[in-house]
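These protein sequence lines map, in sequence, to chains U and E. Per my numbering, the very first residue in the first sequence carries number 1; after that it's consecutive. Per my numbering, the very first residue in the second sequence carries number 1; after that it's consecutive.
No lab work stands behind these hints, which were simulated from the structure alone. Keep in mind it's a predicted model, so treat the numbers as computed, not measured. Using N, Cα and C, we set each Cβ at its ideal position, and we do this for glycine too. Careful: at least some of the hints might be erroneous.
Straight-line distance between alpha carbons at most 30 Å, and here's what the computed DSS-like set of lysine-lysine pairs gives [as the list claims (entries may be wrong)]:
no.	chain 1	residue 1	chain 2	residue 2
1	E	K708	U	K708
2	U	K768	E	K716
3	U	K505	E	K117
4	E	K550	E	K644
5	U	K550	E	K708
6	U	K716	E	K716
7	U	K744	E	K785
8	U	K74	U	K505
9	U	K761	E	K650
10	U	K785	E	K708
11	U	K14	U	K353
12	U	K505	E	K716
13	U	K49	E	K49
14	E	K550	U	K761
15	E	K785	U	K49
16	E	K768	U	K550
17	U	K4	U	K550
18	E	K505	U	K716
19	E	K644	U	K685
20	U	K14	U	K40
21	U	K685	U	K644
22	E	K685	U	K685
Partial chain E-side listing against chain U, Cβ under 8 Å, derived [claimed, not checked]:
no.	residue
23	I50
24	E143
25	G145
26	T177
27	G178
28	R258
29	E261
30	D314
31	P315
32	S498
33	N548
2 protein chains.
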Amino acid sequence: MSKKGPLTPELLRKIDAYWRAANYLSAGQLYLLDNPLLRKPLAPEHLKKIVVGHWGTVPGQNFIYTHLNRIITKYDLNMIYVCGPGHGGNSIVAQTYLEGTYSEIYPNVSQDAEGMKRLFKQFSFPGGIPSHAGPETPGSINEGGELGYSLAHAFGAVLDNPGLVAACVVGDGEAETGPLATAWHSNKFLNPITDGAVLPILHLNGYKIANPTIFARISHDELEDFFKGCGWTPRFVEGDEPVRMHQQMAAALDWAVREIERIQQNARTNGDTTRPRWPMIVFRSPKGWTGPKEVDGLRVEGTARAHQIPVSVDPEHPEHLKILENWLRSYRPEELFDRNGALIPELQELAPKGTRRMGANPHANGGLLLRDLRIPDFRDYAISVPAPGEVEGQDMVELGKFIRDLLKLNLEARNFRLFGPDETMSNRLEAAFQASDRCWNADQDSRDDHLAPDGRIMDAMLSEHMCQGWLEGYLLTGRHGIFNSYEAFIRIVDSMFSQHAKWLKVCNQLPWRQDISSLNYILSSNVWQQDHNGFAHQDPGFLDHVANKKADVVRLYLPPDGNCLLSCFDHCIRSRNYVNVLITSKHRRPQWLTMEEAIRHCTHGIGIWGWASNDQGCEPDVIMACCGETPTLEVLAAVTILHKYLPELKIRVINVVDLMKLQPHTEHPHGLTSEDYDSLFTVDKPIIFAFHGYPTLIHELTYRRHNKNLHVRGYKEEGTITTPFDMRVQNNIDRFSLVIDAIKRLPQLGNRGSFLIQLMKDKLIEHKQYIFANGVDLPEVRAWKWNDGKGIY
Amino acid sequence: MSKKGPLTPELLRKIDAYWRAANYLSAGQLYLLDNPLLRKPLAPEHLKKIVVGHWGTVPGQNFIYTHLNRIITKYDLNMIYVCGPGHGGNSIVAQTYLEGTYSEIYPNVSQDAEGMKRLFKQFSFPGGIPSHAGPETPGSINEGGELGYSLAHAFGAVLDNPGLVAACVVGDGEAETGPLATAWHSNKFLNPITDGAVLPILHLNGYKIANPTIFARISHDELEDFFKGCGWTPRFVEGDEPVRMHQQMAAALDWAVREIERIQQNARTNGDTTRPRWPMIVFRSPKGWTGPKEVDGLRVEGTARAHQIPVSVDPEHPEHLKILENWLRSYRPEELFDRNGALIPELQELAPKGTRRMGANPHANGGLLLRDLRIPDFRDYAISVPAPGEVEGQDMVELGKFIRDLLKLNLEARNFRLFGPDETMSNRLEAAFQASDRCWNADQDSRDDHLAPDGRIMDAMLSEHMCQGWLEGYLLTGRHGIFNSYEAFIRIVDSMFSQHAKWLKVCNQLPWRQDISSLNYILSSNVWQQDHNGFAHQDPGFLDHVANKKADVVRLYLPPDGNCLLSCFDHCIRSRNYVNVLITSKHRRPQWLTMEEAIRHCTHGIGIWGWASNDQGCEPDVIMACCGETPTLEVLAAVTILHKYLPELKIRVINVVDLMKLQPHTEHPHGLTSEDYDSLFTVDKPIIFAFHGYPTLIHELTYRRHNKNLHVRGYKEEGTITTPFDMRVQNNIDRFSLVIDAIKRLPQLGNRGSFLIQLMKDKLIEHKQYIFANGVDLPEVRAWKWNDGKGIY
């Protein structure tokens with residue numbers, strides 16, 4: 001049975017048998033409810049009534065996994081397996097079952113006939129497991145339901161893990177997605193000394209759901225040029241004859257491991273961080289390899305028909321049962337499993353041992369390796385605020401100093417990175433560059449600022465997809481990170497966030513999945529001040545998107561000033577298993593709270609700002625609520641006007657930092673009880689609520705609250721390049737419009753109200769005339785200070 | 001001044017002068033409020049108080065545009081310009097002003113000193129124009145605020161436009177995004193006979209906002225390999241010395257045009273559709289070329305410092321005024337513009353004439369070319385429905401037949417395509433393949449189905465980004481199309497949709513932008529039935545996302561059955577300037593309405609289903625509302641149970657097809673008035689509302705309605721691989737849970753209600769036990785038919 005190659009006939013035979021075992025278990029998961037070892041003739045009652053799952057990618061992945069096991073053992077590799085193709089769940093489940101990890105985690109699914117029966121039944125079955133390599137799958141950090149993120153996850157995993165190799169199987173369907181297409185360039189951000197290696201294996205399976213794949217249908221030269229152009233050295237393993245393929249694959253993997261070792265040794269011995277050409281493998285095998293060749297006269301193996309279920313068995317096609325039985329028996333289970341249903345010892349020996357097994361590698365259950373960050377005391381970065389509004393500051397600039405020291409304190413531990421799509425400087429986190437450079441391992445030149453192969457700021461690739469994918473990979477392998485982005489363009493990764501939130505939700509139900517660090521978004525350059533950007537850069541809807549996810553996973557913070565931002569941020573980076581979203585300001589803004597007040601305010605998440613209110617000791621006439629830095633500013637300016645012209649009007653100012661406080665406590669753990677909400681907002685007084693995002697989100701969150709006298713202003717998709725204040729005017733969230741809003745709900749004011757409304761309308765006209773002539777805001781708006789810093793009382 | 005190359009000294013001099021004129025106007029837009037021709041010494045009062053905009057990409061783009069003008073005239077090309085780099089607005093504005101288009105569209109911005117002053121003032125100024133190539137910019141079909149879509153737009157534009165060339169400048173920052181990275185492969189979907197050509201010009205500007213770009217910092221070999229691997233023939237134009245660069249660029253463009261002509265002539269003469277290697281240009285020039293070399297001792301030209309404003313002039317830096325003046329005068333405006341401020345005639349001659357000018361090309365204002373579709377009568381595809389629920393059908397299969405004939409009827413006009421990411425078959429539009437193949441121009445083999453270079457179904461690339469980008473390009477150039485996708489994964493293009501919706505909103509305010517066909521989404525494989533997919537494939541939130549956009553642009557339809565789907569679809573494909581979203585079912589489902597009833601129901605968008613209600617002539621006790629195919633099914637099943645056990649209970653069944661009916665008519669043109677809403681939903685009776693998506697969306701839309709006795713069920717992020725019915729149970733939207741919901745709001749039922757609740761709870765337990773044992777739903781659930789097809793009365 002041997003052909004030329006590195007495998008001895010003995011090893012070749014065993015590897016092929018192991019592969020057959022994996023294929024058998026993978027196919028069994030699709031079909032079998034009973035008779036797991038086929039010790040009886042296959043009968044309809046042994047089959048699932050509905051067979052749902054996929055076969056196409058499975059035998060190829062089983063082949064790859066089996067061969068990776070060999071090199072792990074041979075070279076004592078610390079390797080994880082990233083399963084890119086969407087539908088290979090049964091392959092990874094089969095492999096981790098064979099190597100023993102599956103039964104260790106799920107003892108019920110034991111390594112015997114009874115356990116095998118359970119293994120088969122649970123797959124794609126109610127109460128069972130999904131057909132992707134989801135969180136339930138040992139060794140997985142990439143579900144693959146939504147495609148395109150495997151390579152970014154693999155790179156995120158090996159950052160700061162110099163001993164780790166991430167073998168990443170990229171599906172050729174997945175390879176057509178945008179995120180995967182640009183991920184090949186991640187090799188420009190890898191430091192061969194301090195990071196590990198990614199070994200991409202492009203699985204040229206030939207077909208997607210219903211179509212051939214592009215990479216399978218271009219010339220060999222184009223394929224080779226493409227990967228060389230992306231900076232890789234590709235090696236091809238192609239064919240359909242198992243023996244030849246085993247030898248080719250073994251040789252290719254030996255080569256790849258030696259290349260990785262050569263590169264790393266050179267880099268680490270000589271301190272040479274020059275970007276190497278890392279090895280990769282192009283693995284071309286037939287889709288649904290070893291499955292039924294033909295069904296009903298149509299070719300199946302090697303076509304898109306092998307994508308899901310290669311042969312469906314139902315009462316109308318009794319002959320299909322025989323096809324299925326022949327197929328399953330072609331793996332000769334009787335040679336592979338012993339009397340009890342366990343894998344025979346000589347095959348068991350092929351699997352790596354202990355945590356070298358890819359299903360048991362702790363990096364793929366990153367919480368096992370998670371160490372706390374060293375965190376400076378955020379109070380040390382406090383902005384001194386002698387009185388509300390007396391000083392100005394730039395929230396993000398101040399936060400940058402905290403992040404700078406956070407970077408510094410964890411430089412040695414190498415377990416914290418800052419991510420962003422070329423926007424870290426624009427988002428005003430410039431102080432961070434005092435602590436670390438940007439990570440960059442393409443060519444450099446004398447004009448460059450802060451670029452280094454060892455940089456910890458992952459900011460030099462213009463791709464939100466890569467920032468998100470790398471960060472997810474980094475977090476899932478037990479480290480910490482932050483993603484800073486423009487608020488509008490975070491929507492580019494809406495669906496990646498969703499998948500991560502779903503992953504976290506499922507992990508929360510799996511006791512063996514250890515806690516990981518939260519995914520923290522800092523969204524700046526927000527909708528309210530764009531200057532040279534305008535309409536295309538305005539979208540506060542990520543808040544809406546996140547708010548739809550499971551309450552035990554998501555947290556939304558809108559700090560009104562720098563001290564609140566510091567306090568919230570400190571809270572976020574200490575948290576586990578959440579997605580935290582921070583909406584921040586990068587422009588000069590008045591500062592409202594001392595650090596002590598900020599901590600108290602952020603701890604409550606919502607509160608009355610007594611210093612801006614004059615309803616002490618009585619029910620207010622009106623509640624002016626604000627959430628977000630710009631709404632806070634405008635509400636306070638509106639309150640100044642109201643206090644001045646209508647001093648007897650009792651106003652309560654409420655600021656919301658933690659958006660989920662608005663939801664009932666029955667829906668979100670942060671939500672206020674009905675009593676607490678009513679005591680803040682009353683049950684019937686008018687609430688003028690100025691909100692950072694789309695007004696509908698406030699309606700949605702407060703839907704069940706008693707006080708329906710709620711009037712929300714927020715972004716209503718108006719705006720282009722204009723002045724900061726005019727953006728607010730265009731969306732009716734400016735001070736003048738808020739005053740009008742309030743008075744309209746206070747008919748008791750009579751003529752005095754009408755007078756003030758007219759005054760406000762005149763102001764709005766004056767504003768428009770002024771900006772069209774001068775291009776800047778009215779001097780009185782620019783010069784406005786909260787009661788000139790003197791406080792009201 | 002001449003160096004070797006195709007340009008005569010005379011032409012070289014003129015082209016350089018034209019380029020200088022464009023650069024002058026581009027810089028002028030950034031800075032000048034007055035003194036547009038610098039006929040006086042530059043003084044602070046001539047400057048904008050706040051200077052916002054970008055310079056980095058501008059001179060390179062001006063260079064490219066000027067040279068494209070030359071080849072347009074030389075070869076009489078029909079060419080449009082797609083501006084990829086994010087911030088080149090002032091370049092395109094300057095160029096279209098020079099060629100005369102700008103003043104034709106905006107007569108106030110005339111080609112004289114006064115007009116130039118207006119041109120300068122309006123840029124990035126309140127009441128003026130944005131700094132991107134937005135809808136306001138003549139000749140633009142790609143705004144570039146969010147990056148990555150230029151190449152897909154360019155390909156969409158040339159599909160079925162065999163005479164068109166789309167010159168597409170790709171920014172090297174943009175080139176790092178996922179969507180752009182995969183867009184290079186669009187050449188596998190171009191038919192050289194019936195489609196036009198895309199000429200990509202990669203602008204290697206060297207830097208993004210703050211970082212170098214990857215493509216600028218890999219070796220020449222890698223760059224060349226990369227593009228060869230993507231199937232292009234790249235030619236390099238590199239340098240910083242204008243004269244040499246003019247000659248190089250002229251030669252390169254001559255080559256590219258001849259290559260395109262050679263390829264097209266061969267294909268068209270010989271009927272040879274073999275995928276050619278199309279030409280492309282890599283254009284490397286310094287960022288901020290010709291701008292200030294150095295400011296404050298720091299290098300600016302050729303660095304990221306040239307990205308935005310290369311020199312800021314303010315009272316603290318009086319010397320910067322001189323730098324600015326020297327820079328502006330370096331273009332020698334006095335040589336370029338005549339006494340009146342118009343471009344001198346010898347330069348005017350360089351611009352193409354009439355609609356050959358890229359700013360005036362009708363393809364870039366596609367509504368000018370829009371022709372109505374030939375549309376079959378959708379009534380011909382009606383499903384016969386003798387009584388509600390009596391027959392079953394697959395909505396998407398039926399729609400497929402309509403789309404098949406739609407494809408057929410418009411084959412000759414070549415102005416309609418169907419787009420999808422490898423899911424058209426899975427979404428059950430299989431009949432469409434009877435009318436056309438899939439578009440595919442990579443290699444083929446004998447196992448392939450329905451692939452052809454001339455196919456009109458753009459389904460063979462697994463990339464939602466490409467489907468969306470191609471379709472946008474196709475629509476913006478005056479054609480029609482549909483995008484079918486899995487509901488969950490349409491979120492991959494959340495942000496692309498947003499940008500398109502924003503584009504449409506602005507176009508609605510520009511009288512010269514002609515109406516274009518709506519962007520139609522058919523979202524199937526929806527959240528409620530995933531079979532082998534599960535949690536990762538469940539996300540109905542695109543509805544929420546779309547609902548946040550401007551009401552005059554977005555429409556959301558959830559047809560409950562096949563006839564309603566046909567009726568809604570027919571409406572959508574006839575509409576203009578909208579984004580229409582259709583949420584559909586692909587599985588076998590009971591059919592409810594005859595075609596006549598469906599038309600009436602869809603025309604109203606919402607209505608009482610009298611045949612399922614028993615409240616005729618009186619106020620109902622409870623309203624059972626449903627929106628979406630699965631909620632409709634379960635509400636009707638719940639009503640059957642309620643009718644059976646509580647026959648005297650007066651139930652009103654309301655079905656919602658057009659989701660925006662729920663919003664007040666003051667917020668959305670489709671919204672119901674308060675009176676109409678109240679007459680349907682009453683002001684206080686309990687409403688049990690089963691909704692397809694997240695329940696919060698219904699709360700949000702109905703926030704201002706009187707009846708607050710509303711209880712919404714929908715998707716609450718629960719589900720994995722399980723049975724269809726169990727998905728509903730997990731989210732409490734199943735019939736048993738809905739009955740419990742209703743009874744809880746009807747305390748007057750007393751013990752009889754409690755009894756029924758207990759019965760329902762028993763059913764839920766029975767259900768769980770049954771599916772865990774059998775893997776399929778309870779027989780009674782599978783067999784359920786609406787009152788056995790007999791109707792209730």
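Here's how the hints hold up against the structure:
1. E:K708 <-> U:K708: With a Cα-Cα distance of about 10 Å, the restraint between K708 (chain E) and K708 (chain U) holds, given a limit of 30 Å.
2. U:K768 <-> E:K716: violated, 45 Å
3. U:K505 <-> E:K117: violated, 58 Å
4. E:K550 <-> E:K644: violated, 45 Å
5. U:K550 <-> E:K708: holds, 25 Å
6. U:K716 <-> E:K716: Given pair K716 (chain U), K716 (chain E) holds - Cα atoms ~27 Å apart, limit 30 Å.
7. U:K744 <-> E:K785: violated, 54 Å
8. U:K74 <-> U:K505: Roughly 38 Å between the alpha carbons, so the hint for K74 (chain U) and K505 (chain U) is violated.
9. U:K761 <-> E:K650: Judged against 30 Å, a Cα distance of about 51 Å means the pair is violated.
10. U:K785 <-> E:K708: violated, 41 Å
11. U:K14 <-> U:K353: Holds, at roughly 17 Å.
12. U:K505 <-> E:K716: holds, 12 Å
13. U:K49 <-> E:K49: Given that 30 Å is the threshold and the Cα spacing comes to 74 Å, the pair is violated.
14. E:K550 <-> U:K761: Given that 30 Å is the threshold and the Cα spacing comes to 25 Å, the pair holds.
15. E:K785 <-> U:K49: holds, 22 Å
16. E:K768 <-> U:K550: Measuring from Cα to Cα gives roughly 23 Å; hence the hint holds.
17. U:K4 <-> U:K550: Violated, at roughly 55 Å.
18. E:K505 <-> U:K716: holds, 12 Å
19. E:K644 <-> U:K685: violated, 46 Å
20. U:K14 <-> U:K40: Given that 30 Å is the threshold and the Cα spacing comes to 26 Å, the pair holds.
21. U:K685 <-> U:K644: Measuring from Cα to Cα gives roughly 21 Å; hence the hint holds.
22. E:K685 <-> U:K685: holds, 26 Å
23. I50: With a closest approach of 6 Å, the I50 (chain E) hint holds.
24. E143: holds, 6 Å
25. G145: Check passed: Cβ of G145 (chain E) comes within 2 Å of chain U, closer than 8 Å.
26. T177: Holds, because the Cβ-Cβ distance from T177 (chain E) to chain U comes to roughly 5 Å (cut-off 8 Å).
27. G178: Holds, because the Cβ-Cβ distance from G178 (chain E) to chain U comes to roughly 3 Å (cut-off 8 Å).
28. R258: Violated. Min distance 23 Å.
29. E261: violated, 24 Å
30. D314: violated, 13 Å
31. P315: Nearest chain U Cβ about 14 Å off; hint violated.
32. S498: Holds, because the Cβ-Cβ distance from S498 (chain E) to chain U comes to roughly 6 Å (cut-off 8 Å).
33. N548: With a minimum Cβ separation of about 5 Å from chain U (threshold 8 Å), the hint on N548 (chain E) holds.
Hints 2, 3, 4, 7, 8, 9, 10, 13, 17, 19, 28, 29, 30 and 31 from the earlier list are contradicted by this structure; the remaining hints agree with it.
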